[in-house]
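Peer 1: Okay, here's what each chain looks like letter by letter:
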Amino acid sequence: MTVDESDLALVRRVQRGEKGAFDLLVLKYQHKVVKLVMRYVRSTAEAEDIAQEAFIKAYRALPQFRGDSAFYTWLYRIAINTAKNAIASRERSPVEYDLDLQDNESSYAAQSRLRDPDTPEGLALTEEIRRTVNAAIEALPEDLRTAIVLRELEGLSYEEIAATMDCPVGTVRSRIFRAREAIDRRLREVFDGGLGRAEELG
Amino acid sequence: MSELRDSQLSAMFDDELPGGECELLALRLSRDEPLRAEWSRFAIIRAAVRRDGVRLDLPVAARVTARLAAEPAHAEPSTVLPNLHAPEPAASGARPTGTPIPSTDRWLRPALGFGVAAGVAAVSLLVLRAQGPAESVAPLAASPATVAPAPASPERTGAATTPAAVAEPTPLLARTPGLGEPESYTVPSAGSRSGLVAPAQLATYVVAHSEVSMPLSRRNLLSALVADGAAEEPVVAEAESPAEAVDAQR
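Protein chains in written order, with my numbering: chain G, 1 to 202; chain L, 1 to 250.
What the hints contain is simulated information worked out from the structure, not anything from laboratory work. Predicted model, so just to flag it, every value in this text is computed and none were measured. Mixed in with the good hints, there may be bad ones.
What the hints assert, rightly or not - Pairwise CB distance ranges, derived in the manner of DEER restraints:
# : chain 1 : residue 1 : chain 2 : residue 2 : range
1 : G       : Glu-154   : L       : Ala-70    : 34 to 44 Å
2 : L       : Ala-69    : G       : Asp-166   : 44 to 54 Å
3 : G       : Asp-192   : L       : Ala-69    : 25 to 35 Å
4 : L       : Gly-20    : G       : Leu-123   : 21 to 31 Å
As the list claims (entries may be wrong) - Covered stretches of chain L, going by a simulated chain G footprint (3 or more residues, C-beta under 8 Å):
# : stretch
5 : 20-32
6 : 37-44
7 : 51-64
8 : 114-127
We put the CB at the ideal spot given by N, CA and C, even for glycine.
Pulled out of the complex, with its shape left as it was, chain G reads as follows (with noise of 0.2 Å):
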């Protein structure tokens, strides 16, 4: 099979009117993008409304896409694209104050905390989703644990991984859907139970 063909099929959704699909295609990238981001501006919050506004020209062009290249690849020129002209932007235009503040210190300074997304309780519930991840991944079966790495951290395909582990395909897909249902069943448990169930899940 091509790849990509799942965001072609979200792709394909939005553009006949479903808004829903989007959202999908965002939850999928918005990590990745956020990350590209991060090259150009140094701020995490920058990044985020970098990243925020190119989704959402990304959607408006949407009606331009036709597929000649994968979505990723489309999305990701017009993120960088959108951190460079935000670059360029700030610096032809000076910095707008528009915060009301009664202490002397620099008010770019405290609107930048102010939109600080990581705040001691973000940094905590990041830390706590990774220690979870790792937790389930060791407690995972070799094979599974083998599948998931090769797949999330390597980036192989399904057949390479079934070349790798010497197995069918299928045998790869199975693997790799447990091992993230093993460790989706333990991240739910943390969303549910809110901070410091990592810790009491071992």
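Use these hints to put chain L onto chain G, whose structure you have.
Peer 2: Structure of chain L alone, referenced to chain G:
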């Protein structure tokens, strides 16, 4: 059943699900909130394993969704991507719903139609010229706008030719075979519109032309043909002189 669906979701997330199943699951995803949440967690798991260096509970998707609420939905069929997994249409000329018309098709088909129509018209004209006498061809081309009304003249002999009455610019000419110069200018007599071309010849032309003409214009032309056929006899009957009767019959 749920396990199969979740297995498909996992494969779809990896771009490893066959296209047809992708379409069905995408449809399901649009309605199944728990499935969407699972999709979202798969993305978080991936980001956690890859250590992307960004926070895992990103708010980007929620913000984009909120902003898109104010955006119009896309529903332009001409821009929809072709469904690569849809069955081929039975009729060769049919096009799958939502498939954009290729840019070459947009201008090629009308151009081809025009070309065929022009070809049929040219062949018809040549056939008519080769078959009939000069006077049966000439009126076809004579333009009433460029030809002055012919005064009734007892000197007229045979065909209704009035060279002196022809106005500039020069209308199309009736030519004598073998000669380069026009033999005469022809003015259609009043009420002889049906005599321009023999109905049988015109019918042949219409049938040939109907393959490339629009249905509406085809109907109009056929109606005109029938009406002309019906009006032909009264023209002969109403002719005032034997010479005019002969003209009308021609």
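Peer 1: Evaluate each hint against the coordinates.
Peer 2: A quick look at each hint next to the structure:
1. G:Glu-154 x L:Ala-70: 34 to 44 Å: holds, 41 Å
2. L:Ala-69 x G:Asp-166: 44 to 54 Å: Holds, at about 49 Å.
3. G:Asp-192 x L:Ala-69: 25 to 35 Å: holds, 27 Å
4. L:Gly-20 x G:Leu-123: 21 to 31 Å: violated, 43 Å
5. 20-32: With 7 residues close enough to chain G, the hint holds.
6. 37-44: holds (count 7)
7. 51-64: holds (count 13)
8. 114-127: violated (count 0)
Comparing the model with each earlier hint shows violations of hints 4, 8; every other hint is respected.
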